[in-house]
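With chain A fixed as given, assemble chain B onto it according to the hints.
One-letter residues, chain by chain:
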Amino acid sequence: MSGSVVKEIAPKRRRMLDMVMVLGGLKEESAVSLGKVNEEIATLKKELSPLLEAIKEFPSKYFDSFLVSAEKMELLENVDDVGLLTNSISQFEEAVSHSDSKSLETILQLLQKRLDSLQKKDESDTSKSEFDISVHLQKIPPLIEDIESMVSNLEDLAKSEAVDAEEDLKELVTSLSDIISTIDKSPDEALAELQKIGTKTRYGPFLRTVAQLKRGKREERINDSRFRFLLKHNVLTELYRGLILFVLSNMGSKTVIELGSLMEIPTKDIQHAIVSMIQRGEVEMVGLDHHAPVFSRVLGSVPETTLVLKRILQQLRAMEKSLEGDDKSLVATSLNQLEAIYDRLQILGVYDVTSLSSQMTELREIIDSCVESAISKQSDSDSKELKLLISAGLEAFARFRLKITLEKGPNLVSGLNVYGEKLDPERYKTIMDNYLDSELERGTLLLIIRELGASTAEDLAQKTGIPQDRVFRHLLRMKKDELLISAGEKHGYLLYDVPRTPTEAEVALQTVSTIASQLFSSINELEELVSSLEPKDIGHLANLLESISKSRDKLAKVEFRETIIASEILANVEDPIKSAVSMTYRTRARIPSTRPKVTLDDLVDVDVPQVLEEYTSMMGYAPLLGFGTIHWDSSKCLGCKSCEIACPEHAIELKPHLQMSKFFDISDSDLEALPSTRSLFYKTVRNLATARSDTDITLDEESPGFGTVEVDLWLCVACRTCVRRCPGPDTGALELELKWNLPEVVKQISSQKV
Amino acid sequence: MTECKTSVILCTCGKQLGLDYDFLVRQIDELDSTSVVVLHDLVCQPEGLDKITELVAEGPVVVAACTSQKIKPRIDQFLSSKKKNSSLVHYVNIREHSAWVHDDQKEASEKTLAMIRGMIRRACLSEPLVVEKKDIPNHVTVIGGGIAGIEAALSLENLGYSVTLIELTDELGGHVAHLPVVAPTGKSGKEILSSRLKSLKESKNIEVLYNSHVRFVEGELGNFTIHYLSESQKEKTIRTSAVVLAMGFTEFKPIGMDEYRYGTNPDVVTQYELSQMISSGNLERPSDGKPVKDVIMVQCVGSRSEDYKRDCSKLCCTFAIDNSLEILHHNPEAQIRVIYMDIRVPFENEMIYKESREKGVDYIRGRVSMVWEKNGETYVRFYDSLLDQHFEVSPDLVVLSSAILPPDGLAELGETLGYYLEEDGHVKELYGKLRRNETRRRGVVAVGAITRPQFVSESITEAQAGALMIHNELQQGAIEKLSRGAVLSIDDCVGCSLCAQQCPRGVPLMIEQTEAEAEDEAKKILFKAAIDTLNCHACGVCQSLCPSGATQLNFLNNEQLWSEIEAVLENVGPDDPQTLCFYCEECSVSTIDIVGTRKLKYPANTRMISVPCAGRVSIIDILKAFENGASTVMIAACETDRCHVGGTGNEIAQVQVDVAREILNAIGWNGERVDMFRMFSAEPERFTNAINEMVRRAKEFGPTPVHKGTAGKWMEVSK
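Just so you know, the sequences run in chain order A and B.
Mind the numbering: the first sequence is residues 0 to 753 in numbering that gives the first Met the number 0, read in order.
Mind the numbering: the second sequence is residues 0 to 718 in numbering that gives the first Met the number 0, read in order.
If we strip away everything but chain A, and leave its shape as in the complex, we get (with noise of 0.2 Å):
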């Protein structure tokens, strides 16, 4: 029973209960019975003591065995991410500061070794001229010929879906045709069927031109004639486009031939509706079938490692024109294959990524290393930054927009263009340096973001030199051009990346380097807070084991070589950990979460008045008279608000609802004593009623002179302003009635306590 009335104190009131307390100079304790709470304490910590070695060795061990792992797998070896590997290193910074484990150090030190290993690699290249471009274009083909035949796999998967994709459009063509048959005779349900058909594509363009189409018809806008053209024509060639949309979502990219034959209608009709599917942005063409174009979806998003592909072959291209001999037939045959698989993939659209990753990324490593290596053949100088330009250069290069410019643009000063008009050679020239220019630094900007991983324009502006709304603009053509990614932000500033597919060994680094130092820190801070464990930190305690428990899983889920790195760890100290969880927050939950601050004993010998005395010459005003409840008369009221205006506290309000039973139950005396006009508007009321109404009306607005006076009672410090100033007859439409003041409240609470 005590425990129920001191919950129920409103907030305001426990708040100024407190501010009096501690102006009376009590000290804080925990008051319902504190053996009881103590209690509760010591059995929590009696039952957590076991569990916590377990818990407090657990992610030394971890990491031991990580780096017994990561050693035996060479997993840093497979990370060539820079960012990824610098942002790991401060997070293990971090977990180190937090540890005195021998292992954290030695991965750091692991890490340290492996990013200065891939920062020294640029000037070892330079160095190093005896990279053989021979050798490593040799593992091309054999690769080239793996990603054909996943190709090829993949496509067979496609077919074989497109087979179950056909049975259905065959239901679908069919009763389609049956359809045509009776526009003429029975237009309305020939659309009704129709609908049926197209709800099956999903296709809005035509579930909205039907609607409208039955709008017009039921409004009598459309005449029957005008109904007909309207469904032979426009309904029926949106509901064609469903089905190419149908077509090609689910059995790959057509031509029109070819759906004209699957969905056996005329070609000519496809290709009158597919045009305006390309103008929707629904449909794109995508490569030629013996001079006759293919057409794809248009996909949401490109799948990464066709992304990646695209890039491959800008690189070839450009490596092309500086090799000699066999390497160059090399080359030029892989990039002839290459060209067959992208395309092929383009067809595709969307397909599993993971199947080619591997081999892809490989295939990257191994042109970005031989590009490398030509840049730095053909260098003498070892100044970074020409080298930088260089490569930037034939980054650049590799792009078709500058190589059409560089080839076209002579013949554009020499000879006519398409107008008849000759192009200023000074202008061309400063059309081509203007070119050049901003190819350049795109160029620039992509080895950047290529090396150091995901950033901003800012962070590219810095490095570069380069404006920052210039770097903008290149970057946002970029990714127009499908050459970066946005990958995320960064202090509200987009964050680009290039197309990277992260190993397996990436993927694994960055979720163990995140959990680590937040792991050491809360084990840390959960040694402290056991030690001395009180009462008012069961809470921080909970959270802290809910969030260890949090990391283990993450990391129960950290994988590399198809083996979870020290699985066995982690399965034995998850019972523990989970276990910890569930008591604290059993304990948590028998401990009241709203304890009062001080004792019931205190309470009765606080001398309040003169604590309040001590308040109001400090604050200026007494925050708590006492509890009271004010008592509203209706029929005193005037609606006049000044209530409301008055009150320090918003706690009473004039509420626009009109309790009408009232307006009945005014004694004749009360009605004399009103206001004349406002006496005169009840006696109107009567006098027009031809019944008593017991229905209370709740008026839209304020209105002015009417409303139900409501006291929100958790607000109210009994201040007794309104009833002060109310206007109302006699002595006003309020009423305090003071029930509770301080010291009785005090009486009332103990004597409720035993």
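Since the hints were made in silico from the structure, they are not lab data.
Be a bit skeptical, because a hint or two may be false.
Simulated pairs of lysine-lysine, DSS-like, Cα-Cα distance not exceeding 25 Å [claimed, not checked]:
(1) LYS712(B) to LYS682(A)
(2) LYS523(B) to LYS640(A)
(3) LYS428(A) to LYS373(B)
(4) LYS373(B) to LYS462(A)
(5) LYS661(A) to LYS712(B)
(6) LYS50(B) to LYS82(B)
(7) LYS522(B) to LYS640(A)
(8) LYS527(B) to LYS640(A)
(9) LYS600(B) to LYS698(B)
(10) LYS682(A) to LYS707(B)
(11) LYS523(B) to LYS654(A)
(12) LYS698(B) to LYS105(B)
Among chain B residues calculated to face chain A with C-beta under 8 Å, some are [claimed, not checked]:
(13) GLU272
(14) GLY494
(15) CYS495
(16) GLN500
(17) GLN501
(18) ARG504
(19) ALA517
(20) ALA521
(21) LYS522
(22) GLY548
(23) VAL654
(24) ILE662
(25) ALA665
(26) GLY667
(27) PHE700
(28) PRO704
Sample of chain A residues lacking proximity to chain B, with all beta carbon distances greater than 10 Å (derived) [unchecked claim]:
(29) LYS184
(30) PRO265
(31) ALA331
(32) SER546
(33) LEU679
(34) ARG685
(35) THR720
Each residue gets a CB set at the ideal place from its N, CA and C atoms; glycine is no exception.
Structure of chain B alone, referenced to chain A:
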């Protein structure tokens, strides 16, 4: 019943009104309160006016003729020339509100009789309003010495006032003094000012205070005290009778808009700064004094922007063109590019826009994305939306046409001067269409750019208008204490503050009764209202809300309206369902009069009662109408947001109607029997549609509980 006798003068409007005058004269004559009935063919002509003069000497007169909007000013003027009190003349519009709108002569005559009967009762209870004259200082203070302030001061002087012109700086003329040319006059700002400054210098009655700053103002019309900081930084006061606000505007300084580099790069200036450069003959690059050959002007800097000024600043386009032409005038080779969102040149200013195009000013639709400096040159990048291209140029001067904002300190001054501000910070005028330049406070007018960005010509016109408004109020030093208005009976006031909360003009003040409080045993906090009738616009909102009848209009108190309702609805029963229409004497009366002059028809079983503002109609008035047998009741009021008394009269009426509907529904009536309609004179159908609807409802709902005798029988029912 009452001792009072009222004379009635009936006008036949040149014998052309289709009313049964024999019947009317006979019936009116039989009424207890009628002393004499006079039938006249043309009351508005000298003979008729003489007759009224004669009758007024005997007591209240009811003039039943055409619309009071037309005839009242004429009668008022005539009577005042004869030194008679016109407050005892009451008007019933039997022409536009009856004869012209009803086909059936008998019905129209019945309606006319009822309305005259009602007005006789109102007239009987009326007290003659005594016009009190009050001598006040023949002095006006103009705050702000720009073109508007100077013009207002000169106009006021011409009207016979002595004027104090308070100027913040050490020179007169404000912004205009530095305009090299003012479109479309072709004259420079100095030329426009010169003759005015000359007259100012010559005038004996205008005192100019330079370097002075108004701090606050106390008092009311006829007795304001201006507190200002004088040139010597001493606080001084002026007693004055009225105040003209002419503080003009401030040009927005776009320091916060980093993209323009204003305040950092000296070659980036605002349009007004360019005007100053040109008019002082210093058109050169501020950074190094080199000549200005290439200029970029940027329009809408801060204007039409959610962050600074939401709407168009109106003047900047014209100013930019003025300055462009002036630059070209000095240097025809100069290249000027104006980067704009929309060019908005009102009035004849379109001509100079055309001229500027012909002279080669380049207009580029787009926005500037950034301004930067390199090697001591200024660079601008802008986007041309028509070409969809970005350009980078290196001009000598970047000119920002920045927004026109209200002057600083306007809100602070408003706290003591009592005017309201618009959302954008400019002074709020009482009513955009008909009460321009008037503020919420009587005796305070706002002229020139302080109400909205204004061209020079507009400011001058406003200044002259403002001067006339003040003249209208002050009457060269002998103001009439407003005879019409709310009068407070202090003993009846209970201090509920409803009037103070809701008065559209903020006239009633609540004054704490500290002495009474000290004696009060219950330690009540006691207030009484105080109403300054001088500021009152006689809408009656306070009366409608007052629970004790303490505040009442002196020309239409509760007793008057209630007895008018009773008399208008005399003998009304279920066989002849009547609609009672309260109409306001602002938009509604105009609408109903136009219905009359256009002779649109509506049913004759309607009764009209005029009130100064819809806000005067209280819920009791509505219920009283039903008590007296009305089948339906309507209130005709001004459109939403167009209350002519300065705000909320019509909304208070809406509350009364809404509550009345709910209560009627609750007590066994049909709430639809009362409704409110908004109207204005441009759409007379609004009134005919409204009244037709209410007549239809009267028929459809049939007899009211009052007709059936069930009203007030709730006690029996519940038992």
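Hints versus structure:
Pair hint LYS712(B) plus LYS682(A) holds up; C-alpha atoms about 13 Å apart against a cutoff of 25 Å. Using a Cα cut-off of 25 Å, the hinted pair LYS523(B) and LYS640(A) holds, with the two alpha carbons roughly 16 Å apart. Proposed proximity of LYS428(A) and LYS373(B) is supported: the alpha carbons are some 23 Å apart, at most 25 Å. For the hint linking LYS373(B) to LYS462(A), the alpha-carbon distance of about 20 Å falls within 25 Å, and the restraint holds.
A C-alpha spacing of about 17 Å is found between LYS661(A) and LYS712(B), which places the hinted pair at or below 25 Å, so the restraint holds. Distance restraint check for LYS50(B) and LYS82(B): the Cα-Cα separation of roughly 15 Å lies within the 25 Å cut-off, and the hinted pair is therefore satisfied. Restraint check for LYS522(B) and LYS640(A): satisfied, since their Cα atoms lie roughly 19 Å apart, inside the 25 Å limit. Distance restraint check for LYS527(B) and LYS640(A): the Cα-Cα separation of roughly 15 Å lies within the 25 Å cut-off, and the hinted pair is therefore satisfied.
A hinted pair counts as satisfied when its Cα atoms are at most 25 Å apart, and LYS600(B) with LYS698(B) qualifies at roughly 18 Å. A C-alpha spacing of about 19 Å is found between LYS682(A) and LYS707(B), which places the hinted pair at or below 25 Å, so the restraint holds. Taking the CA atoms of LYS523(B) and LYS654(A), the gap is near 23 Å; set against the 25 Å cutoff, the hint holds. Between the alpha carbons of LYS698(B) and LYS105(B) the distance comes to roughly 20 Å, so the proposed pair stays at or under 25 Å and holds.
Because the smallest distance between the Cβ of GLU272(B) and any Cβ of chain A comes to about 28 Å, over 8 Å, the interface hint for this residue is violated. Interface restraint check for GLY494(B): the shortest CB-CB distance to chain A comes to about 5 Å, inside 8 Å, so the restraint holds. Interface restraint check for CYS495(B): the shortest CB-CB distance to chain A comes to about 4 Å, inside 8 Å, so the restraint holds. About 7 Å separates the beta-carbon of GLN500(B) from the nearest beta-carbon of chain A, less than 8 Å, and the hint is met.
Against a cut-off of 8 Å between C-beta atoms, the interface hint on GLN501(B) holds, since the closest Cβ of chain A lies about 5 Å away. Evaluation of the ARG504(B) hint against chain A yields a violated restraint, the C-beta minimum of about 16 Å exceeding 8 Å. The interface hint given for ALA517(B) is broken, as the beta carbon of that residue sits about 13 Å from the closest beta carbon of chain A, more than 8 Å. A hinted interface residue such as ALA521(B) counts as satisfied when its beta carbon comes closer than 8 Å to some beta carbon of chain A; here the least separation is about 6 Å, so the hint holds.
Against a cut-off of 8 Å between C-beta atoms, the interface hint on LYS522(B) holds, since the closest Cβ of chain A lies about 6 Å away. With its C-beta approaching chain A no nearer than about 5 Å, GLY548(B) sits inside the 8 Å limit, and its interface hint holds. Hint status for VAL654(B): holds, given a least beta-carbon distance of 5 Å to chain A, under 8 Å. Against a cut-off of 8 Å between C-beta atoms, the interface hint on ILE662(B) holds, since the closest Cβ of chain A lies about 6 Å away.
With its C-beta approaching chain A no nearer than about 4 Å, ALA665(B) sits inside the 8 Å limit, and its interface hint holds. Contact between GLY667(B) and chain A, as hinted, is supported at the beta carbon level, the nearest pair being about 3 Å apart and thus within 8 Å. Taken as an interface hint, PHE700(B) does not check out: its beta carbon lies about 14 Å from the nearest beta carbon of chain A, beyond 8 Å. Annotation: interface hint on PRO704(B) holds; nearest CB of chain A at approximately 5 Å, less than 8 Å.
Every beta carbon of chain B lies more than 10 Å from that of LYS184(A), the smallest distance being close to 50 Å; the non-interface claim holds. Every CB of chain B lies more than 10 Å from the CB of PRO265(A), the least distance being 40 Å, so the non-interface label holds. The claim that ALA331(A) lies off the interface holds: its Cβ sits roughly 41 Å from the closest Cβ of chain B, which is beyond the 10 Å cut-off. Chain B leaves SER546(A) outside its interface by the beta-carbon criterion, the shortest separation being 42 Å against a cut-off of 10 Å.
Separation of LEU679(A) from chain B is inadequate, the least Cβ-Cβ distance of about 6 Å not exceeding the 10 Å criterion. Separation of ARG685(A) from chain B is inadequate, the least Cβ-Cβ distance of about 7 Å not exceeding the 10 Å criterion. The beta carbon of THR720(A) sits about 7 Å from the closest Cβ of chain B, which is not more than 10 Å, so the claim that it is off the interface is violated.
Hint compliance for this structure: hints 13, 18, 19, 27, 33, 34 and 35 are not met, and every other hint is.
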